[in-house]
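**Student:** Sequence:
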Amino acid sequence: VVAAVLVVLLAYPAWLAWRIWDQSHNDEVRPADAIVVLGAAQYDGRPSPVLQARLDHALYLYEEDLSSRVIVTGGRREGDRFAEAEVGAMYLESEGVPAEAILAEDEGTTTLESLERVREMSRDEGIDSVLLVSDPLHSERVKTMAEDLGFAEAWASPAFELNRTRRTKAGELLHEIASLAAYELFDR
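Using this note's numbering, read the sequence shown as starting at 719 and increasing by one per residue.
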């Protein structure tokens with residue numbers, strides 16, 4: 719029994735690590751009803767490098783006519799004057815995306831909260847398929863959540879910061895393993 723428990727305790731995280739790593743190397747770019755940009759830090763109205771990389775990637779996808787709508791996500795942290803989604807919308811508008819093409823989910827403070835709100839908004843907007851933009855290692859978790867929330871189709875198109883390589887830190891991978899495990903075991 720102890721050996722079986724040890725195998726499960728080692729096999730499950732290893733399986734999650736493989737899923738996360740595999741998805742991080744797959745760009746599933748294709749047309750969708752909406753491009754969804756997962757929020758990240760903003761600095762008093764300016765996107766952080768992580769958020770800017772996500773927004774720039776979404777802008778590229780939008781300009782390639784993969785969708786006519788972009789949904790930006792992310793709420794306001796304590797002490798912030800701006801929500802992440804608000805900063806994302808301002809940035810995309812400054813880059814030429816029409817305001818009417820942008821929807822903002824500005825209440826979520828976690829990935830799951832943001833995606834739950836996006837799903838609610840999507841029902842009203844007739845959005846059934848989404849192209850999810852986040853960091854490479856975050857892609858498996860956001861795609862899994864979107865599928866679990868009932869999107870007919872969910873694909874991931876990871877954004878890479880210009881000053882980073884495809885190699886990732888072990889800590890980032892461990893964080894995603896723990897986050898995906900917590901979601902799969904407790905949040906569903």
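None of these hints come from the bench; they were simulated from the model. Mixed in with the good hints there might be a few duds.
Claimed, not checked - Quick list of simulated restraints, FRET-style, between CB atoms: (1) Asp762 - Trp733: 15 to 23 Å; (2) Ala870 - Leu724: 35 to 43 Å; (3) Glu818 - Arg764: 19 to 27 Å; (4) Val726 - Tyr778: 23 to 31 Å; (5) Asp783 - Val725: 18 to 26 Å; (6) Phe878 - Gly844: 41 to 49 Å; (7) Glu811 - Glu843: 13 to 21 Å.
Quantities reported herein were computed from a predicted structural model and do not represent experimental measurements. Quick reminder that beta carbons are idealized off the backbone N, C-alpha and C, glycines included.
**Student:** Tell me the numbers of any earlier hints that the structure contravenes, in ascending order.
**Tutor:** Checked against the structure, the hints that fail are numbers 1, 4, 5 and 6, while the rest are satisfied.
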